[in-house]
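**Q** Spelled out from the first residue to the last, the chains are:
Protein chains: 2
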Amino acid sequence: MGAHHPPQPRATIPDGFLDRLGHLVGDRLQLGEAIRRQHGQSEAHFEAVLPDAVVFARSTEEVAAVVRLCVAAEVPIVPFGAGTSIEGNAIPVRGGLSLDLTGMDAIVAVNAEDFDCTVEAGVRREQLNEHLRDMGLFFPIDPGANATIGGMAATRASGTNAVRYGTMREAALSLTVVTPDGRIVRTARRARKSAAGYDLTRLMIGSEGTLGIITEVTLRLHGIPEMISAAVCSFSSLKGAVDTVVQSIQIGVPLARVEILDAMQMRAVNRWSKLDYPEETTLFFEFHGSPRSVEEQVELVREISGLNGGGEFRWSNRPEERSRLWKARHEAYYAAVNLRPGAVGWATDVCVPISRLAECITETRADLDGASLPATILGHVGDGNFHVIFSIDPDAPEEMAEVEALNDRLVARALAMDGTCTGEHGIGLGKKQALIDELGDAVDMMRLIKRALDPKDLFNPGKIFAL
Amino acid sequence: MGAHHPPQPRATIPDGFLDRLGHLVGDRLQLGEAIRRQHGQSEAHFEAVLPDAVVFARSTEEVAAVVRLCVAAEVPIVPFGAGTSIEGNAIPVRGGLSLDLTGMDAIVAVNAEDFDCTVEAGVRREQLNEHLRDMGLFFPIDPGANATIGGMAATRASGTNAVRYGTMREAALSLTVVTPDGRIVRTARRARKSAAGYDLTRLMIGSEGTLGIITEVTLRLHGIPEMISAAVCSFSSLKGAVDTVVQSIQIGVPLARVEILDAMQMRAVNRWSKLDYPEETTLFFEFHGSPRSVEEQVELVREISGLNGGGEFRWSNRPEERSRLWKARHEAYYAAVNLRPGAVGWATDVCVPISRLAECITETRADLDGASLPATILGHVGDGNFHVIFSIDPDAPEEMAEVEALNDRLVARALAMDGTCTGEHGIGLGKKQALIDELGDAVDMMRLIKRALDPKDLFNPGKIFAL
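Chains as they are written, first to last, in this note's numbering: chain A, 1 to 467; chain B, 1 to 467.
You may find that some hints are simply not true.
Partial selection, computed: residues in chain B whose CB lies under 7 Å from chain A [to be verified]: (1) Arg156; (2) Gly223; (3) Arg292; (4) Ser293; (5) Ile464.
Computed cross-link-like contacts, EDC-like style, restricted to lysine to aspartate or glutamate with a CA-CA straight-line distance of at most 16 Å [said to hold, decoys possible]: (6) A:Lys456 to A:Asp181; (7) A:Lys239 to A:Glu359; (8) A:Lys239 to A:Glu280; (9) A:Lys239 to B:Glu113; (10) B:Lys239 to A:Glu113; (11) A:Lys327 to A:Glu359.
Just so you know, the hints here were simulated from the structure itself, not pulled from any lab data.
No residue lacks a Cβ here, since even glycine has one placed at the ideal position from N, Cα and C.
Looking at chain A on its own, in the form it has when it is part of the complex (with noise of 0.2 Å):
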């Protein structure tokens, strides 16, 4: 099974290329159908397409003269890191050269008084953060999966800490690029801010590797907070939820995490997680700070919380009982699939303006409470993102598309709202016709800016808009 984006040209390999390839990285260049289909799939539920060959990069200069020898043949290349994105954004739907930038783990540099540190694009976030702890710093982007810092740039990755301390946009400073010329651009210094020239760091930030590929990170750090808190409280409406976190935000509440799931998620969780939370709409918390900052938060969480309907809070304040709370929450997706044994899963995510974040999810929970599968829903409230997962057969294609059809209407529900098609998982794949519905005629200026950067269209071709 698998979605229908609808199939690509492959692109030819010229003779002689692979033998190029392989005298340039040697036994880093695999053939093997097994590598090949790793990198030809996806978590998601789009159809494989495999690549003709995959290289394990070592450093930003080989993937220089990989790109040089794949534009000379015209030959498509698609990074890939972690592979854990969403919307098919990794599949090399023409064939052509998957290059695997897991290799590329080094932490190059960590300024503990500058808040900052560079990275290859290929390690990964909890590989990041262990490396940071002792110095009392923290990278805070956490989209769930153990994703590579090199595809959250590529994806403009966010997750459950954005509400308080943004996205993969505002925690990068600067970038290394390998362009589809073949040269290796620095996006930035690593000043805090700057306004020389073009934001090439954003412009690469989100572009799935269209325009360029991302071989290293210079990220913006945090200080660990004194203190960390976390508690979960049920809600007798959907609505009180949404409630107690937009007026907890008003009243300038700095919430560091705050997610919603929905009943049949909390039932999914507690059934994969082997929890006992009440299996009503539900609020995850997590409040950063002083002790004394975080009392205060917390007292007025807890006061606007009773005001809308919601239940006793339960704390999780010792570390190990914390990471046992997020790593029910950062497996939700797992456990949603898993409603049904067998299934396979297909996420989705829109962001509407906060205001009507409690209508879109109701009128969401509605329509896909008229669904033939089950579906939950689940998400990053503060910033007004939510996702919904559906639990899908594989043997009955029909389910298929029934889900683009809900996925379709949760989409024109977001637009109508003036949200947007994705808040963080990217358009990919699955979002094309999604993005020119959002943004029109603006469609046209990205069109213009690939084709002036790539013009052959080799890089991660198909994905984000037709050419």
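Chain B: place on chain A using the hints.
**A** Using the frame of chain A, we list chain B on its own:
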């Protein structure tokens, strides 16, 4: 007098163009020399170049119509706001049309629950904050001058609040832009975050009118803090002042503003604003939060300050005292220029990683102390960003060459520390070589984007880079 930016060939205005323009906009087409002069000069040291005509625009649709006329006639078009930019950013070096957007000053919508608003490009930041005050909201970006929001977006402005609230890069959610092909595009929806395609919002922010004309801006807003407290503190050494800031940030104090002024700048401020602060290196602080949080912040910073040779904290907790303090800070430019009667100002800025800031300022001060003319240092120390303001005798042209050399050394010093040639003023006319020194081949990527979006080079030509 005026800096030696190489003269550019003036564009030819075809017969009938001005008639067609007049037909479109009526008496909002202005050809008189006084108005053209006002739109051809800047507050800074650059030589004036007069536009052939000035149009006072009224709507986005009208801007699009004017752009289509200009492009068909190959007449350059340069957007103009408050005229407070520092690097000659709005000087029409090839002549053509100066498009004045100050008449587009409508506050289109305030969405209080979403903490955002949409304004036309000509709205001034003080006007906006006056409008927002009764709703308990404020727009934090404060470059000092009462600039237009459109101009602030076009130059990626920041200023005194950036350490806590970010710059225009973070403040803008979406833009309405008229492109060089005369289309009106909206770069994003009103959602807090999005992963939908290339980040055109951030590409336009800081593009200085070279890629499109920003006509509307949707901005993030913030709640007015429950408590605001401001203080001034002198230090026996520059390093002690900088270390106070670095250490405060390191332990997590969310400073809202922290400005450094050197001894000569304090002398200028005392004279200009009739104050009596000690004429030593000084920090201006502002703390935002709940009363409890502000109290906690202040205790911590006062303690750190004492350990670093800081003197007494002079408090300004009442709004009128605070206004007086920040008015003195905002007038620092005029205060510095007027250290010599009849002088002309040249302001420059760089931004370095904060670990290098004390060293960068100290070396710069030593270099300035050898100069034949007065120059002060002040800056946004929390970001690593500082300014030098030269006070130049307009009848002594040799001083211009001296300042150019001092400025070149300042930029080279910042770049050697992995900093940027401008933290917030932009490139404009003054820092085109510095941009190349800073980013090398990345400037070629900028040129490719410029040529793709504005193939005839009519949108603010001659700025940021030579095409």
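**Q** Decide, hint by hint, whether the structure agrees.
**A** Now the hints, each set against the structure:
no.: 1; hint: Arg156; verdict: holds (5 Å)
no.: 2; hint: Gly223; verdict: holds (5 Å)
no.: 3; hint: Arg292; verdict: holds (6 Å)
no.: 4; hint: Ser293; verdict: holds (6 Å)
no.: 5; hint: Ile464; verdict: holds (6 Å)
no.: 6; hint: A:Lys456 to A:Asp181; verdict: holds (10 Å)
no.: 7; hint: A:Lys239 to A:Glu359; verdict: holds (8 Å)
no.: 8; hint: A:Lys239 to A:Glu280; verdict: holds (12 Å)
no.: 9; hint: A:Lys239 to B:Glu113; verdict: holds (15 Å)
no.: 10; hint: B:Lys239 to A:Glu113; verdict: holds (15 Å)
no.: 11; hint: A:Lys327 to A:Glu359; verdict: violated (29 Å)
Taken one by one, the earlier hints fail for this structure only at number 11.
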